[in-house]
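Visitor: Chains as they are written, first to last, in numbering that gives the first Met the number 0: chain E, 0 to 219; chain S, 0 to 219; chain P, 0 to 219; chain X, 0 to 219; chain Z, 0 to 219; chain A, 0 to 219.
A hint or two may mislead.
No copy labels: a pair is met if it fits in one copy or bridges any two.
Calculated lysine-lysine pairs in the DSBU-like style (CA-CA distance at most 35 Å, straight line) [said to hold, decoys possible]: (1) Lys57 <-> Lys149; (2) Lys149 <-> Lys56; (3) Lys46 <-> Lys160; (4) Lys41 <-> Lys149; (5) Lys46 <-> Lys57; (6) Lys160 <-> Lys149; (7) Lys41 <-> Lys56.
Keep in mind that the hints were calculated from the coordinates and are not lab data.
6 protein chains.
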Amino acid sequence: MKMASKTVKAAAKPAPALRAIRGGKPPAAAATADDAPVIALKLPPGKLSPAMTAYFKKCQDKLGFVPNVLVAYAFDSAKLEAFVAMYNDLMLGESGLSKLEREMIAVAVSSQNRCYYCLTAHGAAVRQYSGNPLLGEQMVMNYRAARLSKRQRAMLDFAVKLTAEPANVEEADRERLRRAGFSERDIWDIGAVAGFFNMSNRIAAATDMRPNVVYHGQAR
Amino acid sequence: MKMASKTVKAAAKPAPALRAIRGGKPPAAAATADDAPVIALKLPPGKLSPAMTAYFKKCQDKLGFVPNVLVAYAFDSAKLEAFVAMYNDLMLGESGLSKLEREMIAVAVSSQNRCYYCLTAHGAAVRQYSGNPLLGEQMVMNYRAARLSKRQRAMLDFAVKLTAEPANVEEADRERLRRAGFSERDIWDIGAVAGFFNMSNRIAAATDMRPNVVYHGQAR
Amino acid sequence: MKMASKTVKAAAKPAPALRAIRGGKPPAAAATADDAPVIALKLPPGKLSPAMTAYFKKCQDKLGFVPNVLVAYAFDSAKLEAFVAMYNDLMLGESGLSKLEREMIAVAVSSQNRCYYCLTAHGAAVRQYSGNPLLGEQMVMNYRAARLSKRQRAMLDFAVKLTAEPANVEEADRERLRRAGFSERDIWDIGAVAGFFNMSNRIAAATDMRPNVVYHGQAR
Amino acid sequence: MKMASKTVKAAAKPAPALRAIRGGKPPAAAATADDAPVIALKLPPGKLSPAMTAYFKKCQDKLGFVPNVLVAYAFDSAKLEAFVAMYNDLMLGESGLSKLEREMIAVAVSSQNRCYYCLTAHGAAVRQYSGNPLLGEQMVMNYRAARLSKRQRAMLDFAVKLTAEPANVEEADRERLRRAGFSERDIWDIGAVAGFFNMSNRIAAATDMRPNVVYHGQAR
Amino acid sequence: MKMASKTVKAAAKPAPALRAIRGGKPPAAAATADDAPVIALKLPPGKLSPAMTAYFKKCQDKLGFVPNVLVAYAFDSAKLEAFVAMYNDLMLGESGLSKLEREMIAVAVSSQNRCYYCLTAHGAAVRQYSGNPLLGEQMVMNYRAARLSKRQRAMLDFAVKLTAEPANVEEADRERLRRAGFSERDIWDIGAVAGFFNMSNRIAAATDMRPNVVYHGQAR
Amino acid sequence: MKMASKTVKAAAKPAPALRAIRGGKPPAAAATADDAPVIALKLPPGKLSPAMTAYFKKCQDKLGFVPNVLVAYAFDSAKLEAFVAMYNDLMLGESGLSKLEREMIAVAVSSQNRCYYCLTAHGAAVRQYSGNPLLGEQMVMNYRAARLSKRQRAMLDFAVKLTAEPANVEEADRERLRRAGFSERDIWDIGAVAGFFNMSNRIAAATDMRPNVVYHGQAR
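The shape of chain E in the complex, shown without the other chains (with noise of 0.2 Å):
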């Protein structure tokens, strides 16, 4: 579920206005859109709060566009503002783990859950913060095929083995982190970002969210 990101140059196709998007019959400006409606349920449009209108005006600002994962969340202010908190914190806060890292992480754990939204616009992040378009192919199509350090994949190991098999999670796998340099805040990190993903992945899936048009282009 990516947002803000430093790196983004204005987007060349603005995103569809909010009120068109959520649900009900999009105006025609936007009815070739593919992110239009953002989701398949029909939510009523919510009141945001001052804090979140400014944050849906930064967004709009920096990035030229607001991320549809916000604006389907936009149809309840605290429940957006808590997705808001835990993910800036996440991916954007302090952690041993470098931000491309974290999106490399949300992208292979998307890529096991095959999630349409996460992919595309994850994806996008990886290609932005490495520079390296390949590398965000790779992590949408199979993580194995990249050329990873010792310590990236030993990472993406652990991300995608607690996606797809949880109950088999044990001290060998923290002990094999721990051996390619993680510290144990790093592997809670890990942890935490894999289990984030494998959230939003589930919650993408249950509404049917569309990315934004305008990923697809990015950094490519």
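Let chain E serve as the given structure and place chains S, P, X, Z and A on it in line with the hints.
Guide: Showing chains S, P, X, Z and A alone in chain E's frame:
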């Protein structure tokens, strides 16, 4: 990740002191408890914000213990706060789903993922909210064995499919929920609760989180 | 398929009379019990042999109830006798495995197959034999979460692999058991108990067999 | 675990003597046979009861060999007797299912579990009972490829679902059998035979049980 | 998709005439054969090129029948020719793998996919090339049950992993083949034969392709 | 395994010279490209037939590069020729399926198998043929997320079921295609294209085949 509940009576066995339960050698008194250490990662205790300090006190007063998931998150007050905000909104906030129904989703999802922490804590919650110990056991063991209303069966079928094969959830699945009487907002909530426990199950697996021993005997 | 056990105290809730629990309309008194009817097939009661009549009486005297699996089989005395003979030899006869260990296998296998009947009846047996309610819960939820000796972990790993992917069990798996201290005969017994519950789990699933309600509260 | 059958002619290749086939060094003559040793566990031969001695003699007289599963169990006469009693009741006793149908279930279940022993011994039985070598092959390879009556197809679909995903078997599955003409007792028998081979497949896998070589050429 | 083989003796039961076996009503004589019609699609017969006409005559002369896979492809001479060219190069051309080894791969892959056509035709080929009927049966039922050299076991492990989970095949898997004595070109050939049967298995499944009945009795 | 296409403009990044890309040390200029070496097997270059030499030249002229799958096969001209003949017949020959539809099958199958080579090369082909970059992405990520006609959805459902569980494909699956408007020959073609990519995906996985880097940027 069961937390505060009004119906819980004072627990027989108080939780070990906070300083004892994260990674370091636990004091002698706690050594025999299954829930020490709370997680397999050695994370130095963080400084709780006043709000979180108050929240822990409230747990202790009302439940007789602080749920271990909170103790686990306490190494970082910002992460704890984000987790608590999302949890309380989802599980205790307003919704077309009863609190019991949300707990039933929590346990059915956690059973699919075989999450020891969440099955223990939320299995207890189902027993408490329903006053039916069998229902709690059935959610843990195989929700298909429970004598459920069509509504609740549809709800759990959706939540478990979303857990086991999110890539295959489609409009027909949402339609089944609508036909069972769920509103658009209810569908969001089912997806969001199922998603949340897909996250929590994986954080618990990544860290070998141990449930408070007291849960096992509750509401039998 | 837990049956006689010396440690069980008289059950609080006596089992419904035999004539009431097989398919036909149960009498009013039994109508609220989850274990009536015992199975979803309407099989006319058979005539028990003297040996089986005596065995049922012994169950009633020692346990306070006749385990529902026996009630289910009672439509045909020959089948019942064959089942009881095999069960008693395997679970109560001489073996290098303790009775607790055999019950642990029963529950870990039944958890893999998500069998409501066997998890309930044999989960109670693990709690009783071990005097450790947590161990019973862990066997039901995810045996990997239990703090086991190497011996018992190897035993359960073998039993669960045999359950989940029998075609992949090979000499290396037997060697792992030998290295964990098991004799040739012990390996037979582990395989035989795991095999037996793979049978019982499926007979329970085929018939929707319901466990005696009394099990749920035992040895908590 | 195919045993006595009236239609089998004297086998060309007699079974190796009992003392040679359990674990110890086999004599030179038996060394080239695939079925020596019968199992990968070195179990000292037990003392057979008079009934079991007579039964072995009967097998030798009627079939020309003692089926290896019996040889394997012969280390313990009580276990052998329990196995034989259950087997003979299930596979040769009275039932609404023909003996051929019970063997078809045996093979379809064993194919799902890829059990070399049972596919070999019971594949031969299907060929013998049906007089149709192709039917035996189809049960081994993929029962869906056989031209079956609706009744037999429903029977095998139930048995294979019970094998592959017992936790998902529910009333609708039983209803399908009833609509295909099966009685309540027939449903029990389908479940019991499928269950029995889920046990036998696993005992064979646990011990690397080898079928008598003679089966391979029977009724081709 | 077994075709010409020098070791096959004249078949007892000649294949039904070509015009009878593709979709249309078969003539009375063929009506009892399991291999009529050859596929479940009604495709009008195509005009064979001279090369393919000669090839069919050669099959009839040497084998006594035209393999049904060729009959199936005969609706389009260009497709038939491409299939035959690839097949003959792979299975009969020069290679570090013996013809028997290539057939073993064919059967082990087809067993993983449970392909009735290929298991029948290539199971016969393994029996013929090896002169060992048991080996053919073991490849069909579970290749892990065969007493194989380390080389052949490594070869089949690779082929079956490639079949079951191609996304997980990596350098370590190739290294295992090199350590077992395979050359770079051998690894290509193992991959190409395994790949080819993953194709053929699916064409057979898509069309319900039926093997010539004659295969079942060959080389028993 | 995407090859010649009329719509591709001259590639920005020319393919590394043929001699550089098979296993041996690549020259400095190619060292940074992800597609060198093309495969992980060190196979000495073969001598191309005149027809194949001409074909490679045609690729270079029309596409600006030789697709790496052809480079990989070039170690053996006969194998290359057989592959090209089958590929061109299937993907470019006459069919009731459009070329775009065949490419959609290629990508949906390759997504099921998570094949990096084929997803990259044929994902580009879907983008080119459709002029719709989103459609290419959706085929790669989860074809169920695309807004497809009933015809195309049925086509991909069949192709993906054939990939994931070929043993379960039956007449009802073919009937679904007929009801969606497909002819008998179309069904063959869907099966044959799906089969072909099940082969190609595995050859790519067995050899770690790397797609030409140029594909990634095409038709975005």
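Visitor: Next, verify each hint and record whether it holds.
Guide: Status of the hints after comparison with the structure:
no.	hint	in the structure
1	Lys57 <-> Lys149	neither (37 Å within a copy, 41 Å between copies)
2	Lys149 <-> Lys56	neither (40 Å within a copy, 40 Å between copies)
3	Lys46 <-> Lys160	between (40 Å within a copy, 32 Å between copies)
4	Lys41 <-> Lys149	between (46 Å within a copy, 23 Å between copies)
5	Lys46 <-> Lys57	both (17 Å within a copy, 31 Å between copies)
6	Lys160 <-> Lys149	both (16 Å within a copy, 23 Å between copies)
7	Lys41 <-> Lys56	within (24 Å within a copy, 40 Å between copies)
Violated hints for the displayed structure, listed by number in ascending order: 1, 2.
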